[in-house]
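K.L.:
Numbers given in my numbering equal positions in the sequence shown, counted from 1, plus 3.
Calculated from the structure, these hints are not laboratory results.
There may be inaccurate statements among the hints.
[Stated by the list, open to error] Simulated restraints on C-beta separations:
#, residue 1, residue 2, range
1, 5, 30, 17 to 27 Å
2, 35, 7, 12 to 22 Å
3, 18, 42, 29 to 39 Å
It should be emphasised that the depicted structure is a prediction, and the values quoted were computed from it without experimental measurement.
Built from N, CA and C at the ideal position, the CB exists for glycine as well.
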Amino acid sequence: IAKRLCVTIRTVECHVTSILSKLGVASRLEAVAWAHKHLPDNSWKSTI
C-alpha cells in the first residue's frame, strides 16, 4: 500500500490503525467482515 501511494509504511500503519479504531475492530480481517456486514455489496470492492 505504501509503495503504491508513495508514502512511508509508518504512514499507512497509522491510517490503518485509525480506521480500525473508528470501526471498532481489532484487525484488517475484522474490518473486512465489518464491510461485508455494513456496506452494499458493490461499494467495498477495491479498484486497485
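K.L.:
Now, for every hint given, state plainly whether the structure supports it.
P.N.:
Hints versus structure:
1. 5 to 30: 17 to 27 Å: 19 Å, holds
2. 35 to 7: 12 to 22 Å: For residue 7 against residue 35, whose Cβ atoms are near 19 Å apart, the range 12 to 22 Å holds.
3. 18 to 42: 29 to 39 Å: Since residue 18 and residue 42 have Cβ atoms about 19 Å apart, the given range 29 to 39 Å is violated.
This entry does not satisfy hint 3, going by the numbered hints stated previously; all others are met.
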